[in-house]
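Heads up: the protein sequence lines correspond to chains A and B, in order. Under my numbering, the residues of the first sequence are numbered 1 to 362, in order. Under my numbering, the residues of the second sequence are numbered 1 to 362, in order.
Bear in mind the hints are in silico, worked out from the structure with no lab data behind them. Everything numeric in this text was worked out from a predicted model, so none of it was measured. Just so you know, even glycine gets a beta-carbon here, dropped at the ideal spot from N, CA and C. Be a bit skeptical, because a hint or two may be false.
Stated by the list, open to error - Just some of the chain A residues that point at chain B, by a computed CB distance under 10 Å:
1) F80
2) E81
3) F112
4) Q118
5) A143
6) A147
7) G154
8) F156
Protein chains: 2
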Amino acid sequence: MSATLKVDLGARSYPIHIGAGLLDDAALLPGLVKSGQVVIITNTIVGPLYLERVTRHFADRQCHVFELPDGEGAKSFANFERALGFMLERRIERGATIVALGGGVVGDLAGFVAACYQRGIGFVQVPTTLLAQVDSSVGGKTAINHALGKNMVGAFHQPTAVVADITTLDTLPPREFSAGLAEVVKYGLIRDYAFLEWLEAHLDALVAREPAALTEAILRSCENKAEVVAGDEFETGARATLNLGHTFGHAIETALGYGAWLHGEAVAAGTCMAAAMSARLGWLDADAVARIERLLGRAGLPLRPPAGLGPAQFMDVMARDKKNVGGHIRLVLLRALGEAVVTRDYPPEALAATLAAATTAA
Amino acid sequence: MSATLKVDLGARSYPIHIGAGLLDDAALLPGLVKSGQVVIITNTIVGPLYLERVTRHFADRQCHVFELPDGEGAKSFANFERALGFMLERRIERGATIVALGGGVVGDLAGFVAACYQRGIGFVQVPTTLLAQVDSSVGGKTAINHALGKNMVGAFHQPTAVVADITTLDTLPPREFSAGLAEVVKYGLIRDYAFLEWLEAHLDALVAREPAALTEAILRSCENKAEVVAGDEFETGARATLNLGHTFGHAIETALGYGAWLHGEAVAAGTCMAAAMSARLGWLDADAVARIERLLGRAGLPLRPPAGLGPAQFMDVMARDKKNVGGHIRLVLLRALGEAVVTRDYPPEALAATLAAATTAA
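Bound-form chain A, shown alone (with noise of 0.2 Å):
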């Protein structure tokens, strides 16, 4: 089973190629890089395991590999400077191709190489985690860190094509597959509440990493993020409801230092607490939050922050994020279980008892 969806985003679509097998499709990988000279990013995990099965494609090509570390401690400035000083070096041109081989930190920092290297060059994603096949390889966001916030300096830059073969699950630990499982769950909670009740009946099969239900899931998450997205580039909108869980969970990355927790983990109990504080203003009923913290937890994810992490921190971070305007804090809640809204009209004190009862249960 394979499948391909259209992002229709005008003269920046692009496709994206799901499916079993398809690093070893000997007419995709080449049909979709189009240049002479190609540039694959990847890092110190994903390259053993997957390089080869790229870079035979390019054998006729000037092929160059350029390898992160792993973690996203990668997304720094230093190897941003790195990346684009190894290909002045090599006198990549603006004609170029980069590959982007590995999850949303490969893919992240391989885009913004992209985005900025003379202005702008063309770059295929190929994803190698649930959560960068399902997320951060749709959308055209590409960014790297600041000690000062997460994702806070990068560009919107779409890739010319995205190549997800699942195949790259099977190495995926498996505290990395439940973080991008909490991507997928959002899908079903933010927008589509039949894929909600898709996944309640299929979750097992996914944990077990079936093919089937697994292309299933990231076709039905990469089409709901593509509506999303076609209907608003540049995140001025409806957009900033993929960020259900983000705000309070970027709190918790934040905090605690990169790394501690994935993202996905962090999203996961975000999105316990935006439940609750969607509960607390009247939106959902204890069943439609039980429903959500009963699929998060079949996942295998967190469902409360860290112990020790106070409101005060979490105010501290929150008030940081760059998705605030005018200094309220703007947060993604759900109306229902498939509707989500983003709103910086709730009272100050449901936030306030949102934490409190989140830090303290934790």
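Using the hints provided, position chain B relative to the given structure of chain A.
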């Protein structure tokens, strides 16, 4: 006399205001900057001269000033990172506006910071050099330099407005003023023969910095550039004609090290080389070449590359130029006065002979 020009780029359209005393207009800058947070990026030369005239308009806003060192060296990775850190420390939000107060270096760096800060925020250009007023504030190109090449890292990011107050040119050193004229002459050469004739008639008034002549020259330069850019925002075609003299010029700047020659000086010598090569191909006659050299000479500009630079150095740097596609060196040449062509289709001997003649003449 003042003028306003609209650069037509659909959703990214913006106005260019040109005239004497615009910095003192109590309504203009405050109206163009709509945000509560303002970050003025300037440098140690321009700041002391004009900062107060800008900041007083934002007395009721949260206004921060980030000062760069003077010179092309300021367009560095280090300053890029430092400016972003400065803004993050002050919790500058996504709705904020950057005001770039200075010449092309300040505008290029400030624009790239605006392009990347939280994936893009608004910025207003307040160019204070002739070069920046006619050239770098129109077109959306932003960039920083790398040891291996100028403007090698950057983004296309349009300003929300440009305010060109010609009284700021009063403090401009003669060499810098002349350098700006090189780009003014360029517009006549590449696409506006009537403007070329106007320049031949009014160059003395321009050199004397007469306000009416300045406003007219800047307006017509911006109109020409805006028309080219509107038709080719991302530099895939006609926009390349704006690089007349730049391929040779960049080679001069890179070989000498940034700052030894001003950009406009290198462009002037490069334009003479492009003219000589055009003559060699039979497109310009000796009289046309002489008119170009006479005009640039009256503007106080160099007509030859610096002594000591040989053909091999030119070839080495030009082969690295980011405008190359497929290994051939792309050149902007003149089919006639007022008509530029972009071509890779020329006898390599013609380029070799042009380089040899220009470098032995020096």
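Each hint, compared with the structure:
no. : hint : result
1   : F80  : holds (9 Å)
2   : E81  : holds (5 Å)
3   : F112 : holds (8 Å)
4   : Q118 : holds (4 Å)
5   : A143 : holds (7 Å)
6   : A147 : holds (8 Å)
7   : G154 : holds (5 Å)
8   : F156 : holds (6 Å)
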